[in-house]
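2 protein chains.
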Amino acid sequence: MTELWRSSILIIGNEVLIGRVVDTNSAKVARTLTMLGYEIIEIRKVRDNITEIAENAKDLLHISNVLITTGGLGPTYDDVTAEALSLALVLPLGLNERAKEMVEEKIKKMGLDMTKERLKMAIMPLTAKPIPNPVGVAPGIYIKVGQKRVFALPGVPAEVEAMLDYVVEELEDLSLFRKGEACEVLEGVREADIAPLIEEMAKTYPDIYIKTHPGMKDGTPYVKVCALATADDEETAKRKASKVVKAIKGRLGA
Amino acid sequence: MTELWRSSILIIGNEVLIGRVVDTNSAKVARTLTMLGYEIIEIRKVRDNITEIAENAKDLLHISNVLITTGGLGPTYDDVTAEALSLALVLPLGLNERAKEMVEEKIKKMGLDMTKERLKMAIMPLTAKPIPNPVGVAPGIYIKVGQKRVFALPGVPAEVEAMLDYVVEELEDLSLFRKGEACEVLEGVREADIAPLIEEMAKTYPDIYIKTHPGMKDGTPYVKVCALATADDEETAKRKASKVVKAIKGRLGA
Numbered sequence: 001m002t003e004l005w006r007s008s009i010l011i012i013g014n015e016v017l018i019g020r021v022v023d024t025n026s027a028k029v030a031r032t033l034t035m036l037g038y039e040i041i042e043i044r045k046v047r048d049n050i051t052e053i054a055e056n057a058k059d060l061l062h063i064s065n066v067l068i069t070t071g072g073l074g075p076t077y078d079d080v081t082a083e084a085l086s087l088a089l090v091l092p093l094g095l096n097e098r099a100k101e102m103v104e105e106k107i108k109k110m111g112l113d114m115t116k117e118r119l120k121m122a123i124m125p126l127t128a129k130p131i132p133n134p135v136g137v138a139p140g141i142y143i144k145v146g147q148k149r150v151f152a153l154p155g156v157p158a159e160v161e162a163m164l165d166y167v168v169e170e171l172e173d174l175s176l177f178r179k180g181e182a183c184e185v186l187e188g189v190r191e192a193d194i195a196p197l198i199e200e201m202a203k204t205y206p207d208i209y210i211k212t213h214p215g216m217k218d219g220t221p222y223v224k225v226c227a228l229a230t231a232d233d234e235e236t237a238k239r240k241a242s243k244v245v246k247a248i249k250g251r252l253g254a
Numbered sequence: 001m002t003e004l005w006r007s008s009i010l011i012i013g014n015e016v017l018i019g020r021v022v023d024t025n026s027a028k029v030a031r032t033l034t035m036l037g038y039e040i041i042e043i044r045k046v047r048d049n050i051t052e053i054a055e056n057a058k059d060l061l062h063i064s065n066v067l068i069t070t071g072g073l074g075p076t077y078d079d080v081t082a083e084a085l086s087l088a089l090v091l092p093l094g095l096n097e098r099a100k101e102m103v104e105e106k107i108k109k110m111g112l113d114m115t116k117e118r119l120k121m122a123i124m125p126l127t128a129k130p131i132p133n134p135v136g137v138a139p140g141i142y143i144k145v146g147q148k149r150v151f152a153l154p155g156v157p158a159e160v161e162a163m164l165d166y167v168v169e170e171l172e173d174l175s176l177f178r179k180g181e182a183c184e185v186l187e188g189v190r191e192a193d194i195a196p197l198i199e200e201m202a203k204t205y206p207d208i209y210i211k212t213h214p215g216m217k218d219g220t221p222y223v224k225v226c227a228l229a230t231a232d233d234e235e236t237a238k239r240k241a242s243k244v245v246k247a248i249k250g251r252l253g254a
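Those sequence lines, one after another, are chains A and B. Residue numbers for the first sequence follow full-length UniProt numbering, beginning at 1 and rising by one. Residue numbers for the second sequence follow full-length UniProt numbering, beginning at 1 and rising by one.
In case anyone wonders, no lab produced these hints; they're calculated from the structure. It is possible that part of the hints are untrue.
What the hints assert, rightly or not - Cβ pair distances, simulated, as ranges: (1) G253(B) to K116(A): 30 to 40 Å; (2) E199(B) to E200(A): 56 to 66 Å; (3) T220(B) to G219(A): 41 to 51 Å.
Unchecked claim - Part of the chain B face toward chain A, derived, beta carbon under 10 Å: (4) L17; (5) R20; (6) V29; (7) L33; (8) I40; (9) R44; (10) L61; (11) H62; (12) L112; (13) V145; (14) R149; (15) V189; (16) A195; (17) E199; (18) I208; (19) T212.
To be verified - Derived DSS-like pairs: lysine-lysine, alpha-carbon spacing no greater than 25 Å straight-line: (20) K106(B) to K217(A); (21) K28(B) to K109(A); (22) K116(B) to K203(A); (23) K109(A) to K217(B); (24) K116(B) to K224(A); (25) K28(A) to K106(B); (26) K116(A) to K249(B); (27) K58(B) to K129(B); (28) K116(A) to K58(B); (29) K238(A) to K203(A); (30) K240(B) to K217(B); (31) K58(A) to K58(B); (32) K203(B) to K116(A); (33) K249(A) to K224(A); (34) K116(B) to K249(A); (35) K129(B) to K144(B); (36) K116(A) to K106(A); (37) K108(A) to K224(B).
Don't be surprised by glycine CBs; every beta carbon is placed ideally from N, CA and C.
Next comes chain A alone, as it looks inside the complex (with noise of 0.2 Å):
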């Protein structure tokens, strides 16, 4: 059952492989399915080349069923992410007519002119459907292969966090869970210390995810516990991770 839950996340782009870029998307996009009630297994940057885009998509697809791509969607010759996922899916590429409409709204708007370039972020794998962008120009891709859904969103944060919102529509009734977190920061204690109490605590409650993150603060150490934990519902599972992170607050009479 849990399988279905299993999502991975792709980032595209040269930028982010020689460091010009910090990439937010993907802690964005993870945060946002981790909440839904999905689970990470595993995220992955690559360059803006077909090959590796295809081979990694297909590796994700193998060990996840939902994959959401960033980047690599946009007018420039480096945007190659539509081609490698047709390449990964064995789906012939094509004009898709709706996408096309989006662009040709966008630009029309904007006072531009269609070009080969503009044309291109219509171009998606055949039985694909486009993605709205409420921000930029180039649409989005959803593709459903059997219990697989790939969705391919650009690179840019601002079109990342617009379009999320329908990747989040696609698959809420799916999930049949959610998630819910609560942190509390333990000052003048090292996580050495603490380290036994933590592991104790794991073993107790086996479906809650607790981290320990250390620091230092005017010279005095503290440790911010935090515990995810899953319910039915995102209140509950509040409830069940604050219970949590409240029985290690009490144990250390913090």
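Keeping the supplied structure of chain A fixed, place chain B upon it in accordance with the hints.
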């Protein structure tokens, strides 16, 4: 020859996969290696799971010669990187005496006692060298197997930053090249409109990576054009990159 410069990054930690934390380590490591002349083939992020870390480390060492990992070296139950690397590289684990001294020295200075959890940070694959940690307690792990080099660093960004100096020292003499970058913002320009020119320039300078980043400021579109060039030294590489960006600017009459 270029084979030697192939490198990859493995980010370890559930907190990244659930999107609680925006990973800045991979960009920092990627930037440092890139400018040193190394090429990042892939970045992966995996959960705190021994098998998943080991399998992905093996995959990445298959496609690259330098692997940098971050995370999973601390004192808690879910810090399993040392164990995973020993599994991936088929090297038995053992207490490293030099690492033990490093941990002891740190905790003595902090007025703390040695515990099982703290001692765990000195256990690493045999034949590994511990990397001094000037900021935190956990030493890093440096393993050389044939031409392959693995550097395992902790996950705390300040520790990664400080310990990258060690990585650079080990790698800088191996690299025969350096990278140099130049960027320029072209105002009033749209990405799709300059796409044909960028493609032409990329073909004219096949060894220079040219990338456009579109944006909008006060209602006016702009494109940031960046070029990344390779040369014997950084200055020459920067000059080459700058020449290409200036040529693009000139062609646009901007």
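Structure-based check of all given hints:
Separated by about 22 Å at the C-beta atoms, G253(B) and K116(A) break the suggested range of 30 to 40 Å. At about 59 Å, the beta-carbon gap between E199(B) and E200(A) stays in the expected band of 56 to 66 Å. Evaluation of the 41 to 51 Å hint for T220(B) and G219(A) yields a pass: the beta carbon distance comes to about 48 Å. Evaluation of the L17(B) hint against chain A yields a held restraint, the C-beta minimum of about 5 Å falling below 10 Å.
Nearest Cβ of chain A to the Cβ of R20(B): about 7 Å, under the 10 Å cut. The hint holds. Because the closest C-beta pair between V29(B) and chain A is about 7 Å apart, less than 10 Å, the hint holds. Proximity of L33(B) to chain A holds as hinted, the smallest CB-CB distance being about 8 Å (cut-off 10 Å). Hint status for I40(B): holds, given a least beta-carbon distance of 4 Å to chain A, under 10 Å.
A distance limit of 10 Å between C-beta atoms decides the matter here; for R44(B) the minimum to chain A is near 5 Å, and the interface restraint holds. Interface restraint check for L61(B): the shortest CB-CB distance to chain A comes to about 15 Å, outside 10 Å, so the restraint is violated. The criterion of a C-beta within 10 Å of any C-beta in chain A is not met by H62(B), whose closest approach is roughly 12 Å, and the hint is violated. For L112(B), the interface hint holds, since its Cβ comes within 10 Å of a Cβ in chain A; the closest pair sits about 7 Å apart.
Given hint, V145(B) at the interface with chain A, is violated; its Cβ is 23 Å from that chain's nearest Cβ, farther than 10 Å. Among the interface hints, the one on R149(B) is violated; its C-beta lies about 19 Å from the nearest C-beta in chain A, farther than the 10 Å criterion. Among the interface hints, the one on V189(B) is violated; its C-beta lies about 12 Å from the nearest C-beta in chain A, farther than the 10 Å criterion. Annotation: interface hint on A195(B) holds; nearest CB of chain A at approximately 4 Å, less than 10 Å.
The closest approach between the C-beta of E199(B) and any C-beta of chain A is roughly 4 Å, which is under the 10 Å cut-off, so the hint is satisfied. Evaluation of the I208(B) hint against chain A yields a violated restraint, the C-beta minimum of about 12 Å exceeding 10 Å. A hinted interface residue such as T212(B) counts as satisfied when its beta carbon comes closer than 10 Å to some beta carbon of chain A; here the least separation is about 6 Å, so the hint holds. Pair hint K106(B) plus K217(A) holds up; C-alpha atoms about 18 Å apart against a cutoff of 25 Å.
Restraint check for K28(B) and K109(A): the C-alpha separation of about 39 Å exceeds 25 Å, so the hint is violated. Distance check on the hinted pair: K116(B) and K203(A) sit about 18 Å apart at the alpha-carbon level, within 25 Å; holds. Of the pairs offered as hints, the one joining K109(A) and K217(B) holds, with about 18 Å between alpha carbons and a cut-off of 25 Å not exceeded. Distance hint between K116(B) and K224(A) is fulfilled; the C-alpha atoms sit about 22 Å from each other, no more than 25 Å.
A distance of roughly 36 Å separates the Cα atoms of K28(A) and K106(B); the hinted pair therefore is violated under the 25 Å criterion. A C-alpha spacing of about 22 Å is found between K116(A) and K249(B), which places the hinted pair at or below 25 Å, so the restraint holds. For a cut-off of 25 Å, the pair hint linking K58(B) to K129(B) stands: about 19 Å separates their Cα positions. In summary, the hint linking K116(A) to K58(B) is not supported, as the alpha carbons are separated by about 42 Å, beyond the 25 Å threshold.
Restraint check for K238(A) and K203(A): the C-alpha separation of about 19 Å stays at or below 25 Å, so the hint holds. For the hint pairing K240(B) with K217(B), the CA-to-CA distance comes to about 29 Å; that exceeds 25 Å, so the pair is violated. Straight-line distance between C-alpha atoms of K58(A) and K58(B) comes to about 18 Å, which keeps the hinted pair within the 25 Å bound. Between K203(B) and K116(A), the direct Cα distance comes to roughly 18 Å. Compliance with the 25 Å bound is thereby established for this hinted pair.
Restraint check for K249(A) and K224(A): the C-alpha separation of about 11 Å stays at or below 25 Å, so the hint holds. For the suggested pair K116(B) and K249(A), the alpha carbons sit about 22 Å apart, so the restraint of at most 25 Å is met. Distance check on the hinted pair: K129(B) and K144(B) sit about 9 Å apart at the alpha-carbon level, within 25 Å; holds. Taking the CA atoms of K116(A) and K106(A), the gap is about 15 Å. The hint holds against a cut of 25 Å.
A C-alpha spacing of about 24 Å is found between K108(A) and K224(B), which places the hinted pair at or below 25 Å, so the restraint holds.
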